[in-house]
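Chemist: As you go down the protein sequences, you meet chains D and X in turn. First residue of the first sequence: 1, per the numbering used here; consecutive thereafter. First residue of the second sequence: 1001, per the numbering used here; consecutive thereafter.
Any given hint could be a false lead.
Label-pair ranges, simulated between beta-carbon atoms [what the hints assert, rightly or not]:
(1) X:Val1087 - D:Arg74: 23 to 33 Å
(2) X:Ile1294 - D:Ile282: 35 to 45 Å
(3) X:Gln1086 - D:Asp106: 44 to 54 Å
(4) D:Ala281 - X:Ala1181: 40 to 50 Å
(5) X:Met1013 - D:Ala149: 31 to 41 Å
(6) D:Ala70 - X:Gly1164: 38 to 48 Å
(7) D:Asp106 - X:Asp1140: 31 to 41 Å
(8) D:Lys49 - X:Ile1142: 41 to 51 Å
(9) D:Arg74 - X:Gln1086: 43 to 53 Å
(10) X:Val1080 - D:Arg288: 40 to 50 Å
(11) D:Tyr198 - X:Ile1294: 54 to 64 Å
(12) X:Gly1127 - D:Ala189: 24 to 34 Å
(13) X:Ala1186 - D:Ala149: 30 to 40 Å
Just so you know, these hints were derived from the structure itself, not from any lab. Idealized CB from N, CA, C, for every residue including glycine.
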Amino acid sequence: MTSAVGYLSCLAAIDLSGLLAYNTLIVAAGTAAVGCAAGVVGSLSVLRKRALVGDAAAHVTLVGVATAFALTGRRDLPTLLAGGFAAALAGLLVLVVMRRYTRTRDDAATAIVLSVGFGGGIALVAGMTARGIPGSAGLENFLLGHTAALTARDAGVLAGVSLATVVVVMLFLKEATLVAFDRSFAAAAGWPVAVVDYLLVVLVAVMVVVGLPAAGAVLVTALVVIPPVAARQWTDRLGTMLVLAGVIGLVSAVTGVAISAVVPRLATGPVIVLVAAAIFAISVLFTRWRSPREAA
Amino acid sequence: MTSADFLSEVGPMHGWAMATAAVVSAAAAMVGTLLVVRRMSLLGDAISHAVLPGIVVAVLAGGRPGGPLVIVGAVVAALVTVWLTQVLRDGVGVAEDAGAGVVFTTLFALGVVLVTAAASRIDLDPGCILYGILELVPFDTISVGRWNVPRAFLTGLAVLVLIGLGLLVTWRLQVFVAFDADAARAAGMPVAAATLSLLAATAMTAVAGFEAVGAILVVAMLVVPAAAAELLGRRLSRVMAMAVALGVVGSVLGYLAAWKWNTNAAGMIAVVLGVEYAMAVIFAPEEGLLARGIGQIWLRWRVACEDQLAAVWRREEAAGTGLAAAAAPHGFIDRLARAWLAMAGRLRRVDGEWTLDPRARPAAEMIVRSHRLWEAWLGRHAELPVDHLHPPAEWMEHHLGADVRRQIEADLGWQASDPHGSEIPPER
Chain D
1 MTSAVGYLSC
11 LAAIDLSGLL
21 AYNTLIVAAG
31 TAAVGCAAGV
41 VGSLSVLRKR
51 ALVGDAAAHV
61 TLVGVATAFA
71 LTGRRDLPTL
81 LAGGFAAALA
91 GLLVLVVMRR
101 YTRTRDDAAT
111 AIVLSVGFGG
121 GIALVAGMTA
131 RGIPGSAGLE
141 NFLLGHTAAL
151 TARDAGVLAG
161 VSLATVVVVM
171 LFLKEATLVA
181 FDRSFAAAAG
191 WPVAVVDYLL
201 VVLVAVMVVV
211 GLPAAGAVLV
221 TALVVIPPVA
231 ARQWTDRLGT
241 MLVLAGVIGL
251 VSAVTGVAIS
261 AVVPRLATGP
271 VIVLVAAAIF
281 AISVLFTRWR
291 SPREAA
Chain X
1001 MTSADFLSEV
1011 GPMHGWAMAT
1021 AAVVSAAAAM
1031 VGTLLVVRRM
1041 SLLGDAISHA
1051 VLPGIVVAVL
1061 AGGRPGGPLV
1071 IVGAVVAALV
1081 TVWLTQVLRD
1091 GVGVAEDAGA
1101 GVVFTTLFAL
1111 GVVLVTAAAS
1121 RIDLDPGCIL
1131 YGILELVPFD
1141 TISVGRWNVP
1151 RAFLTGLAVL
1161 VLIGLGLLVT
1171 WRLQVFVAFD
1181 ADAARAAGMP
1191 VAAATLSLLA
1201 ATAMTAVAGF
1211 EAVGAILVVA
1221 MLVVPAAAAE
1231 LLGRRLSRVM
1241 AMAVALGVVG
1251 SVLGYLAAWK
1261 WNTNAAGMIA
1271 VVLGVEYAMA
1281 VIFAPEEGLL
1291 ARGIGQIWLR
1301 WRVACEDQLA
1311 AVWRREEAAG
1321 TGLAAAAAPH
1331 GFIDRLARAW
1341 LAMAGRLRRV
1351 DGEWTLDPRA
1361 RPAAEMIVRS
1371 HRLWEAWLGR
1381 HAELPVDHLH
1391 PPAEWMEHHL
1401 GADVRRQIEA
1411 DLGWQASDPH
1421 GSEIPPER
């Protein structure tokens, strides 16, 4: 570890004193929990072929974060994230309504919710910044992720929610697995398929919201997509895939936080995504090299 | 403040910004219509994120923002996105949406890191990438003849003209591919070329929109007006024209709203486009919620009125034969309908019983005729048990016209009674 840090510091000729500061370590731990939980929850949604449902929710969170700030005047993380979660649920509800009452197809509906929600969020944030409302400029950190601003208490909240989400996943793992792999059988066998589907979507929304501080609204969807897809390369067993996706999410998150802590002005989100993507690329290349398969 | 004051206060600089938003939006609406009808909206989303590294690399290689080199860079990035997604799907077995999610987030992240790393050398910042700076567009100009025209406007105009010409030349192909790609392929049409040119057009629009409105709001310009227009019409040419109109109007209104409330123009444009879509959902003349709601209420009301008339007709018929007839429906709407028929003089209360006014008798009789003809027809052709014939007839009686009744009667060979033995009244 020390040599790796030394190597990095030689490479970039940057001050590394910030990296090992107490706060950075706490934040890294909190973000690690988020990355791990996102990998676990994301595995189920990727298997259920709902990989991008989180993307619309993620972009819409910005409206909620800005509204929560405008209404309460507080900018502590739980308040802002609660607003973001409310907005994410509202966005998902709009998607359900659009599917039920309009001819607009799912792909266009997702793009509409995503872009209009994001535009509304940008307009709110810019409006507050232009009026000089103190603290509103910091809301931009939720666009691309910026963990340096987090406190130890924030990290605790993120870790706590992540842990709770993983526990929920473990509790309904059997149902979720059945619904993901054979929906018609699950329905015929009398499982509450719709409830399981909605619960899964809500869990994805939770992960997208707690992932905001680390990865930002634009890229947080990668946290619930890339680690599961990478883990899938190594195994055909669901249990192994969940654990692997969790580990890959964790490693990506910690590495991302570390790199962006030492490189000035570098947002956390893109770094986390690139690390996860690199792990995915290695997974594909290594598993192909180990046992070349016919194209599926 | 009157609107004239408002506009003069907005001034010519804002006029250029609005014109830029309008040309970009028009180009995006044309491309977006094809993306939406071909169910490729999310590809538009993916491409508008993924062009970022292409743009940055081209700028680092000496291209001017919005110049030809940058457009080439963006088109290459878009093609790489689609190619990688296909490789992941066909070669690695990753589902298409998950694969697109991997590719576009990775490319966008790469772009952001490149921008941050090269911040001292290039004139782009992460904020501008996400939501553009439409307000600053008028200050970066190129002189054309005697005028100083904003560079972003020229880029947008060039892309608009290019896409417009491309559509004119390949229109029939695009329509064919949009509605039935398999049939087009079977007919020997160059489907792959049509798709590739659509992808390239999406990438060019993304570049034109990038500086003005940013990556994510390009998605709004691509998809939202097109989806709204799709609710308003069926002909592709008309849908596209309406999408362009909605996009241009939304851009101008959004810009003015942002100016009035002092906020980000691109964000407000997306919001106004969203409002346009919501209004299309509610007010679309044929499939809007309002039109459909009114249609459903009107149908429910007509059914209730006709049921009351038919019930009274049957009671009168039963009084003649001495048998008891089924009671009329008496839900809330049914009683309301009866009250209305009484007020309009169609039904009268005589000796505590409802009776038909002579004017209402033919209509009532034709409903019963429809009902019994349908029962008889089902009884002959559908092999349903006799006690299953009533419910479908109870619904169909409201939808059979005189012509259909005559056809059914001819098919039955002028049968005189329905399967329950009731007489079928003759056509009037």
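Chemist: All hints are to be evaluated individually against the structure, with a verdict given for each.
Modeler: Now the hints, each set against the structure:
Against the hinted window of 23 to 33 Å, the Cβ-Cβ separation of Val1087 of chain X and Arg74 of chain D comes to about 47 Å, which falls outside the hint. The given range of 35 to 45 Å is broken by Ile1294 of chain X and Ile282 of chain D, whose C-beta atoms sit roughly 60 Å from each other. The supplied range of 44 to 54 Å is broken by Gln1086 of chain X and Asp106 of chain D, whose beta-carbon atoms lie about 21 Å from each other. Under the hint 40 to 50 Å, the C-beta atoms of Ala281 of chain D and Ala1181 of chain X, about 31 Å apart, miss the expected range.
The supplied range of 31 to 41 Å is met by Met1013 of chain X and Ala149 of chain D, whose beta-carbon atoms lie about 36 Å from each other. In this structure the supplied range 38 to 48 Å holds for Ala70 of chain D paired with Gly1164 of chain X, their Cβ-Cβ distance being about 42 Å. Between Asp106 of chain D and Asp1140 of chain X the beta carbons are some 39 Å apart, a value that agrees with the proposed interval 31 to 41 Å. Remark: the range hint 41 to 51 Å for Lys49 of chain D to Ile1142 of chain X is upheld by a beta-carbon distance near 48 Å.
The supplied range of 43 to 53 Å is met by Arg74 of chain D and Gln1086 of chain X, whose beta-carbon atoms lie about 47 Å from each other. Under the hint 40 to 50 Å, the C-beta atoms of Val1080 of chain X and Arg288 of chain D, about 20 Å apart, miss the expected range. For Tyr198 of chain D paired with Ile1294 of chain X, a C-beta distance near 32 Å fails the hint of 54 to 64 Å. Distance hint check: the CB atoms of Gly1127 of chain X and Ala189 of chain D are about 51 Å apart, inconsistent with the given range 24 to 34 Å.
At about 58 Å, the CB distance of Ala1186 of chain X to Ala149 of chain D disagrees with the hint of 30 to 40 Å.
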